[in-house]
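Protein chains in written order, with the working numbering: chain A, 1 to 405; chain B, 1 to 405.
Read the hints as simulated data drawn from the structure, not as lab findings.
Among the hints, a few may not be true.
Since copy identity is lost for identical chains, a pair holds within one copy or between any two.
Unchecked claim - Within a straight-line C-alpha distance of at most 35 Å, the following computed DSBU-like cross-link-like pairs (lysine-lysine) qualify:
#1 Lys71 with Lys284
#2 Lys398 with Lys359
#3 Lys283 with Lys248
#4 Lys227 with Lys86
#5 Lys227 with Lys398
#6 Lys128 with Lys404
#7 Lys8 with Lys398
#8 Lys86 with Lys130
#9 Lys404 with Lys85
#10 Lys359 with Lys284
#11 Lys355 with Lys224
#12 Lys343 with Lys71
#13 Lys398 with Lys328
#14 Lys283 with Lys231
#15 Lys224 with Lys284
#16 Lys248 with Lys284
#17 Lys343 with Lys284
#18 Lys313 with Lys71
#19 Lys341 with Lys404
#20 Lys86 with Lys284
#21 Lys101 with Lys231
Treat the numbers as computed from the prediction; the structure is a model and nothing was measured.
2 protein chains.
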Amino acid sequence: MAELPELKGNMLIAQSGGPTAVINQTLVGAVLEARKHTCIQRVLGSKHGIQGILDEEFVNLSRETTANLEKVAATPSSALGSVRKKPTEEDCARIFEVLQKHDVRYFFYIGGNDSAETAHIINQHARKAKYDFRCYHLCKTIDNDLRQNDHTPGFGSAARFVASAFMGDNQDNRALGGVKLNVVMGRHAGFLTAASALAKVYPDDGPHLIYLPERNFAMGRFCKDVKRVMKEHGRCVVAVSEGISDAKGTPIIAAHTKEVDSHGNLQLSGTGALGDLLANELKKRTGIQRVRADTFGYLQRSFPDVVSATDAKEARGVGVAGVRFAVKSHANGSVAIKRKKTKRYAVGFERVTLKAVAKETRHMPAAYINKDGNGVTPAFLDYVRPLVGRLPQMGRLKDHPLPKT
Amino acid sequence: MAELPELKGNMLIAQSGGPTAVINQTLVGAVLEARKHTCIQRVLGSKHGIQGILDEEFVNLSRETTANLEKVAATPSSALGSVRKKPTEEDCARIFEVLQKHDVRYFFYIGGNDSAETAHIINQHARKAKYDFRCYHLCKTIDNDLRQNDHTPGFGSAARFVASAFMGDNQDNRALGGVKLNVVMGRHAGFLTAASALAKVYPDDGPHLIYLPERNFAMGRFCKDVKRVMKEHGRCVVAVSEGISDAKGTPIIAAHTKEVDSHGNLQLSGTGALGDLLANELKKRTGIQRVRADTFGYLQRSFPDVVSATDAKEARGVGVAGVRFAVKSHANGSVAIKRKKTKRYAVGFERVTLKAVAKETRHMPAAYINKDGNGVTPAFLDYVRPLVGRLPQMGRLKDHPLPKT
Chain A
1 MAELPELKGN MLIAQSGGPT AVINQTLVGA VLEARKHTCI QRVLGSKHGI
51 QGILDEEFVN LSRETTANLE KVAATPSSAL GSVRKKPTEE DCARIFEVLQ
101 KHDVRYFFYI GGNDSAETAH IINQHARKAK YDFRCYHLCK TIDNDLRQND
151 HTPGFGSAAR FVASAFMGDN QDNRALGGVK LNVVMGRHAG FLTAASALAK
201 VYPDDGPHLI YLPERNFAMG RFCKDVKRVM KEHGRCVVAV SEGISDAKGT
251 PIIAAHTKEV DSHGNLQLSG TGALGDLLAN ELKKRTGIQR VRADTFGYLQ
301 RSFPDVVSAT DAKEARGVGV AGVRFAVKSH ANGSVAIKRK KTKRYAVGFE
351 RVTLKAVAKE TRHMPAAYIN KDGNGVTPAF LDYVRPLVGR LPQMGRLKDH
401 PLPKT
Chain B
1 MAELPELKGN MLIAQSGGPT AVINQTLVGA VLEARKHTCI QRVLGSKHGI
51 QGILDEEFVN LSRETTANLE KVAATPSSAL GSVRKKPTEE DCARIFEVLQ
101 KHDVRYFFYI GGNDSAETAH IINQHARKAK YDFRCYHLCK TIDNDLRQND
151 HTPGFGSAAR FVASAFMGDN QDNRALGGVK LNVVMGRHAG FLTAASALAK
201 VYPDDGPHLI YLPERNFAMG RFCKDVKRVM KEHGRCVVAV SEGISDAKGT
251 PIIAAHTKEV DSHGNLQLSG TGALGDLLAN ELKKRTGIQR VRADTFGYLQ
301 RSFPDVVSAT DAKEARGVGV AGVRFAVKSH ANGSVAIKRK KTKRYAVGFE
351 RVTLKAVAKE TRHMPAAYIN KDGNGVTPAF LDYVRPLVGR LPQMGRLKDH
401 PLPKT
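Produce the complete structure using the sequences and hints provided.
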């Protein structure tokens, strides 16, 4: 694409979808980068994503000090507020009216594939209306399910939380025995649940079984797997994606909740229903007495101080890269993270089209899932390890046995 | 009590009840201190508390290196394994048979009030059998519900986890709105749930409501409280103890689970039932649409890297003090943490009787609970703040509003 002439005007940035521990790094990266470019005049923030545009609820980010922005960058969850909303045709008409009124020429929408779709729709309307502006999607999602990306900002920190939680929980299960089920976020993609595998330090450590949305879930098979592990280790730690579904594609949790958002997504989080359902079935079918289920819930996406330094740095980089792409050359796009083929882990930021990222989900590649569909492969561990940073050390007694008298 | 003559023999140590993030500090503190006293010959560890004594499942802790012990000390959950078991008369007879066979003269049982009771029973049987040994309970519990103690090892780290989790979750709720309920551990004592109040940085931060087992829970009142907060802030974060009960003393969760352990305790953790029950009632009675519930579950007691340095240090100190008390002067007792009346936070370790700590629960003092029974007082915050260490910083945009056009 040819370089575009410099475009003078205001910038608007907004955050959408589920928050992450590093989403404000992307916000602050973009806001601070914008200050270096004279073509960007005022930097506005929209409250609660596109809802703030519709309601004209803007804040003036140009008045924020760098020191305060840095504090915000290190704080989890979306500082501008978030929203789950798919704009209607009517909404889009209203959005352009507001953008034009505020002379917004640079628009950045931080979010996942639903947000990329929203940015894509807004951009199409802008083109139809011949409104000259630069429209960017800045990637974010703990689910790590965006196409075109090696991985996404927010995933590394959430994966670090999940791995740490399983490390501690594996010790807990080792102390008291029985079966422990942990339900991890991930509607269609199992990356985050799979990251639990990083918790394994010793060969007998959990998670012993990992169930992902990419493979059909069968209750009978699950009970058989658990019984086998119980026989081998006398205990069992299981990681389960909230989105696991049966052979017909029906989510296992579907019998228990009907709540959907405006994108038509079923409510999977913020309830312990799936964990309790699995624990009860397991008790009933196997007779195992001590079965416990925890649902990690919202903790895994917004926990302070359990942040991957790599993730925070890359999230910042995505914001910076977005502004540079928009100012320097291209009308629209999405900033994607690409892993370099170097021996030492490194990434670059590339511009891809909005359409290439919008809506559809990236799944775990088959090479990352074991053949039984209840665990991950070493290839996945190699993929995920650099994203989470150095994990806590787990010590263990040598257990020098004493002969019985 | 007069000083006792030096007693030569082996030492046995065991861990019991729910694990904590720092319970191995107490174990390692005692094991390393024992190495300084020649009257203690071999240091044995019993696997899974008194179960290991009954089964004669011992490990030789004298063969552990200091370096490995230090790794274990920094690892959450009980390295020797744990158990929830109240010994029968028959068990006690067997326990003494085993103790005598192994020439165990120093016995340390790390645990909560149930474990103190177990130590007390074992000690009574030893006296009856005229078996000469020193029997100590070393305090531990995230519930912070031991009598005679200002606070207990494990509580500070769990409280730090709860406070951090609420800090992140408050940001999450601020971004997406609605009602968020978080169920926190605590069967009879609300200390851990109350620690969520440390998450409040700005006046409108959550938790906005805190429900403790020390006050009767009424569904109607709860719904009214939430509606009031929703009206004021447009969102609401609620902390709920798993042990909340109605005016008759029946746990709110009781309708949903019947599982009890050998101490007769109802299963409260490892299920999302209470959170889901409250969320459903709230939706039904108030019509509020977005209500989410998370149950922190086992994460809060064994999470690596979310450890209070003060807690870790004191847990170590309890183990050291126990061995010193046993070697130097007293036949039996429990090591209690007493806060000094100094301006700067400081504690001392004192010996109290086993009976004084056993079985009964310490509750939140009335001065720590607000008059409406749905929050805490500044006195509680002063009490708890030094126990958790410096919490993460939460930044916030200044929100300079932009006039609507």
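May I ask which of the numbered hints given earlier this structure violates, with the numbers listed in increasing order? 1, 11, 17 and 19
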